[in-house]
Amino acid sequence: VGVTPHPCFIRAGLDRAARAAGELGGFDMRIVALEEHYTLPAIQARVPRDAVIKRGYPPPEAPSVRPQIDAQLADFGEERFRLMDESGISFQVLAPSGPGADIMPAADAPAFARDMNDGLNEQIKKRPTRLAGFAHLPLGVPAEAAKELERCVQKLGFLGSMVNGTTDGKFLDDPGFEPLLAAHEQL
1 VGVTPHPCFI
11 RAGLDRAARA
21 AGELGGFDMR
31 IVALEEHYTL
41 PAIQARVPRD
51 AVIKRGYPPP
61 EAPSVRPQID
71 AQLADFGEER
81 FRLMDESGIS
91 FQVLAPSGPG
101 ADIMPAADAP
111 AFARDMNDGL
121 NEQIKKRPTR
131 LAGFAHLPLG
141 VPAEAAKELE
151 RCVQKLGFLG
161 SMVNGTTDGK
171 FLDDPGFEPL
181 LAAHEQL
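The opening residue of the sequence shown carries number 1 in the numbering used here; numbering runs sequentially from there.
Calculated directly from the structure, the hints in this document are not laboratory data.
Worth double-checking, as some hints may not be accurate.
[To be verified] Subject to a maximum C-alpha distance of 20 Å in a straight line, what follows is the list of computed SDA-like cross-link-like pairs (lysine to any residue):
#1 54 - 170
#2 126 - 83
#3 155 - 128
#4 155 - 114
#5 54 - 103
#6 155 - 124
#7 125 - 115
#8 126 - 77
#9 147 - 111
#10 170 - 181
#11 147 - 187
#12 125 - 73
#13 126 - 32
#14 170 - 106
#15 147 - 181
#16 170 - 110
#17 125 - 76
#18 54 - 140
#19 147 - 128
#20 155 - 106
#21 147 - 126
#22 147 - 186
#23 125 - 89
#24 147 - 103
#25 155 - 185
#26 54 - 165
#27 125 - 150
[Stated by the list, open to error] Label-pair ranges, simulated between beta-carbon atoms:
#28 128 - 87: 15 to 25 Å
#29 65 - 154: 14 to 24 Å
#30 107 - 85: 35 to 45 Å
#31 125 - 87: 19 to 29 Å
#32 87 - 178: 37 to 47 Å
#33 174 - 88: 37 to 47 Å
#34 129 - 151: 16 to 26 Å
#35 118 - 143: 33 to 43 Å
#36 30 - 72: 37 to 47 Å
#37 129 - 53: 31 to 41 Å
#38 82 - 122: 13 to 23 Å
Quick reminder that beta carbons are idealized off the backbone N, C-alpha and C, glycines included.
Make a model of the complete structure from these sequences and hints.
Listed below in structure tokens is the structure:
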């Protein structure tokens, strides 16, 4: 388990990504890309409009200023793999882009994170030699975040989690995050 400054990657078992990437043929050098982004628009549409705006994202009803990028983020098909191959990337470890569980109301955040992780897992199962995931966690509820991390790593085979900056103005060294840090250390 390692923690680095913002954005902070917390990794548990990254060796699984390297092993999976090593099983691929056709590349002279294996390149594992970390924090490659994705979106699950149907799930992310559940983030409350006010929370989206408060975080600084455009309102959901606003036209996209980057429609091509939005389409690529939501793509888990052949176009993603074509672009990976063009760039020499053997394996991607995916993390969500856009508003998520960290800005959801505490009562809704754990289920939202679980749905995001289950949705990502469905995509990973289709191409396990090319994709892995970092767990999306309900960081506003650290004890629940720890449970979701354990589920994702132990049951779904995720490689850890990614934390972007602060949660409600608190960094990971805040004592409230102790359950989450302890779960990372245990894994």
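Here's how the hints hold up against the structure:
{"no.": "1", "hint": "54 - 170", "result": "holds (17 Å)"}
{"no.": "2", "hint": "126 - 83", "result": "holds (17 Å)"}
{"no.": "3", "hint": "155 - 128", "result": "holds (15 Å)"}
{"no.": "4", "hint": "155 - 114", "result": "holds (12 Å)"}
{"no.": "5", "hint": "54 - 103", "result": "holds (9 Å)"}
{"no.": "6", "hint": "155 - 124", "result": "holds (13 Å)"}
{"no.": "7", "hint": "125 - 115", "result": "holds (15 Å)"}
{"no.": "8", "hint": "126 - 77", "result": "holds (10 Å)"}
{"no.": "9", "hint": "147 - 111", "result": "holds (12 Å)"}
{"no.": "10", "hint": "170 - 181", "result": "holds (14 Å)"}
{"no.": "11", "hint": "147 - 187", "result": "holds (12 Å)"}
{"no.": "12", "hint": "125 - 73", "result": "holds (18 Å)"}
{"no.": "13", "hint": "126 - 32", "result": "holds (18 Å)"}
{"no.": "14", "hint": "170 - 106", "result": "holds (15 Å)"}
{"no.": "15", "hint": "147 - 181", "result": "holds (11 Å)"}
{"no.": "16", "hint": "170 - 110", "result": "holds (19 Å)"}
{"no.": "17", "hint": "125 - 76", "result": "holds (11 Å)"}
{"no.": "18", "hint": "54 - 140", "result": "holds (15 Å)"}
{"no.": "19", "hint": "147 - 128", "result": "violated (24 Å)"}
{"no.": "20", "hint": "155 - 106", "result": "violated (24 Å)"}
{"no.": "21", "hint": "147 - 126", "result": "violated (25 Å)"}
{"no.": "22", "hint": "147 - 186", "result": "holds (12 Å)"}
{"no.": "23", "hint": "125 - 89", "result": "holds (19 Å)"}
{"no.": "24", "hint": "147 - 103", "result": "holds (18 Å)"}
{"no.": "25", "hint": "155 - 185", "result": "holds (17 Å)"}
{"no.": "26", "hint": "54 - 165", "result": "holds (16 Å)"}
{"no.": "27", "hint": "125 - 150", "result": "holds (19 Å)"}
{"no.": "28", "hint": "128 - 87: 15 to 25 Å", "result": "holds (20 Å)"}
{"no.": "29", "hint": "65 - 154: 14 to 24 Å", "result": "violated (39 Å)"}
{"no.": "30", "hint": "107 - 85: 35 to 45 Å", "result": "holds (43 Å)"}
{"no.": "31", "hint": "125 - 87: 19 to 29 Å", "result": "holds (23 Å)"}
{"no.": "32", "hint": "87 - 178: 37 to 47 Å", "result": "holds (39 Å)"}
{"no.": "33", "hint": "174 - 88: 37 to 47 Å", "result": "holds (39 Å)"}
{"no.": "34", "hint": "129 - 151: 16 to 26 Å", "result": "holds (23 Å)"}
{"no.": "35", "hint": "118 - 143: 33 to 43 Å", "result": "violated (20 Å)"}
{"no.": "36", "hint": "30 - 72: 37 to 47 Å", "result": "violated (23 Å)"}
{"no.": "37", "hint": "129 - 53: 31 to 41 Å", "result": "holds (40 Å)"}
{"no.": "38", "hint": "82 - 122: 13 to 23 Å", "result": "holds (21 Å)"}
Violation of the numbered hints given earlier is confined to hints 19, 20, 21, 29, 35, 36; the remaining hints are satisfied by the structure.
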